[in-house]
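Can you make the complete structure from the sequences, with help from the hints?
Chains as they are written, first to last, in the working numbering: chain A, 222 to 535; chain B, 703 to 1125.
Hints in this document: simulated from the structure, not taken from any laboratory.
Glycine is no exception: its CB is placed at the ideal position from the N, C-alpha and C atoms.
Mixed in with the good hints, there may be bad ones.
What follows is a list of derived Cβ distance ranges for each label pair [stated by the list, open to error]:
1. T785/B to R468/A: 18 to 24 Å
2. Q936/B to P273/A: 25 to 31 Å
3. R468/A to D821/B: 46 to 52 Å
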Amino acid sequence: MNALDAVEKRALGGSGPTTEAAGPWRSNRSWLTPVLFLVPGTFLFLLIIVVPIGQSLWISLHDWDGFEQPVWLGLDNYRELLGDPQFTTALRNNVIWLVLFMVAPPAGLAIALMLNQAIRGMRIAKSLFFIPLVLAPVTVGVVFTWFYDPTFGVLALVFQAFGATGPALLSDERLVTFAVVIAALWPQIAFCMVLFLAGLNNLSEDVLSAGRVDGARGWRLFWHVVLPQLRQVGFIAVVITVIGALRSFDMIAVMTQGGPFGSSSVLAYLMYEQAIFSYRFGYGAAIASVLFLIMAVFIAWYLRRMLRLEREAA
Amino acid sequence: MPGITRYTTMSRRGLLHTAGGLGLAAGALRGAPALAQSRAITVIADQSNAETRAIFAEIAAAYEADTGVSVTVNNMDHEAHKTAIRSYLAASPPDVCFWFSGNRMRAFVERGLFDDISDLFERENYYDVLGTSTETVSVGDRQFGLPLGGTLWGLFYRKDVFAEQGMTPPADWDGLLATCEQARGAGLTPMTLGTKELWPAAGWFDHLNLRINGLDRHMALMRGEMSYLDPSLQPVFDHWQDLIEREIFTPNHTSYSWQQAASFFVRKQSAMFVLGNFMTRAFPAEEKDQLAFVPFPRIGPETRRYEEFSVNSVHIPARAQNKDVAREFLAYFYRPENLGRFLRPDGNVPPRHDIPVPDDPMMRSLVEALRNADGTAQFYDRDTDPDMAQVGLRSFQEFMVAPDRRDTILERMEAARKRVFRA
Chain A
222 MNALDAVEKR ALGGSGPTTE AAGPWRSNRS WLTPVLFLVP GTFLFLLIIV
272 VPIGQSLWIS LHDWDGFEQP VWLGLDNYRE LLGDPQFTTA LRNNVIWLVL
322 FMVAPPAGLA IALMLNQAIR GMRIAKSLFF IPLVLAPVTV GVVFTWFYDP
372 TFGVLALVFQ AFGATGPALL SDERLVTFAV VIAALWPQIA FCMVLFLAGL
422 NNLSEDVLSA GRVDGARGWR LFWHVVLPQL RQVGFIAVVI TVIGALRSFD
472 MIAVMTQGGP FGSSSVLAYL MYEQAIFSYR FGYGAAIASV LFLIMAVFIA
522 WYLRRMLRLE REAA
Chain B
703 MPGITRYTTM SRRGLLHTAG GLGLAAGALR GAPALAQSRA ITVIADQSNA
753 ETRAIFAEIA AAYEADTGVS VTVNNMDHEA HKTAIRSYLA ASPPDVCFWF
803 SGNRMRAFVE RGLFDDISDL FERENYYDVL GTSTETVSVG DRQFGLPLGG
853 TLWGLFYRKD VFAEQGMTPP ADWDGLLATC EQARGAGLTP MTLGTKELWP
903 AAGWFDHLNL RINGLDRHMA LMRGEMSYLD PSLQPVFDHW QDLIEREIFT
953 PNHTSYSWQQ AASFFVRKQS AMFVLGNFMT RAFPAEEKDQ LAFVPFPRIG
1003 PETRRYEEFS VNSVHIPARA QNKDVAREFL AYFYRPENLG RFLRPDGNVP
1053 PRHDIPVPDD PMMRSLVEAL RNADGTAQFY DRDTDPDMAQ VGLRSFQEFM
1103 VAPDRRDTIL ERMEAARKRV FRA
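Here you go:
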């Protein structure tokens, strides 16, 4: 029996309300409706997310060049990862990305607060701050590469104006990751700013007025009245920033290709490089699995938080 | 392997070409008799030179007009093609595709992805017109592709700069060191280098190793039969380190692609450049006659001269739909007049003896250097396994920045060699 049968029965119109109430559709509607609505989404989710994750984990247990029969390796790929200095470098760089990216939410909030003032011409300023968000990450990467160019770049020219030699940021194995992160932070801060601007628009006037009546001003008003109302938005900003830091790939591909000699690589880029250029799909999949594990920790934290917030609201 | 998603990356231009090509093919089908329906082939090309692309399109169009076979050419971005070919050869192969001869070709031959075209060699008698070039497309005694233009590597310099400073192109090691000193005295960076794309650094390794250890040992290393910790490699790195410590190379070379580095050379800020003859394309047309070429200097007692000569090639995938038509098309494309036209814009050395060598001084010195060579290697990332090449290229770049890490670097390369070649 399914929903169609029930509809058909009703269309035939033979039975009165009493039979209908006892019909299978009526009695099962409370759970059938959500199930029916969930089926297409669940199917797609399984097909394009869950199954590939399973496959990727499976491949990570093999030696596979993309053409021939995969050879079973067990955990050898993971064992090799532990001793691979390139993997350690990539992991360390991921941590640098993660830590530095945490600047984005507070910086975005600061800019949002600044732009939220009712001052003439603020709309223009706002739209200027939106710019990095409109640009494709690849464009941002190219622009910053030019900016950092040790001969013709703006940075080098500034240094030259003071009679100094500009640093070759993208050639220095100790500085290169920081240089790339700064480029990536530019659009990320703008993104957080947009989130906070939306949050500031939704502040409850009542609570604000009540705060003012009670004599809160400036910093105290912000800290005790405004900030608590931005908790939700702030949480989302942090989560998106964390995910953004972990899946960083495009900027590195455009700006350094992981170089010089792999010193600016991150897990996502290393995985791509191993699979596509070294023909090592198994090893690449093992790197992907490690990245997935790290992300899973944050996703679990996010889901727990969300569920708790929902329960609080209910 | 089932269940793995394969996708083909294609440049926007490639997509447009496909779309246009499909339209063209559909048009041809409508007008043509039923018999001719299967007489259509698809070609995937990776030409980055617009002029070459145009000439290839003309050749394809002329072939269409001659035979009624419709030819669809999808041209992809050169770098994107290097990754895409792996998926399309296995998933949806075209009838003809461009690639690189030597070990890069062998990797696909061993996996059964390129068709054996020895019959075409036999029929068209390519063995006679190609001579030793045949070896670049052979695995065992079978042929799996047709060699196209070859890129010769060596030392480039500007005649005007050398004349101004009274410098002479170096013929041996001491000459190289002396010319570098002279160039520095004239306020020039002695040697141009851009290693952002990694491989230009490997050119230095190859040349030094070919000069010091010779072709056989070099190829044994490429095939993974020799250890990277072998004592015979130490003099190679000693010489290299000597150059690095003399600071003859462009500073911050890891920040520059070879084209960016070439701009220093073109603008007379650096004196010499070790690269393949494709670098002539980075040189302004009106100054081309100032550019000159000599082979990489001799080192030590080794008298035989081995050069770096990379040969591109064209192939028929093993799982192509219309292998017979593809052979006919290749035979047409490979006619001396067509091939000669196709190769001219890139300035590469033609593989066929019966193609007249274009009459310009650069081409003459390339052909002469090649004729005097006792043997050729293709290039580090074409001669060795791709996985090994990935580790090697990066290691060479690191060595050029931090030569004091030589031992660590060599140990890492040796570990990679053991893994890749299961040695």
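T785/B paired with R468/A, Cβ distance criterion 18 to 24 Å: Between T785/B and R468/A, where Cβ atoms are some 20 Å apart, the hint holds.
Status of the given 25 to 31 Å range, CB of P273/A versus CB of Q936/B: violated, 47 Å
Consistency of beta-carbon spacing, D821/B to R468/A, with hint 46 to 52 Å: holds, 50 Å
This entry does not satisfy hint 2, going by the numbered hints stated previously; all others are met.
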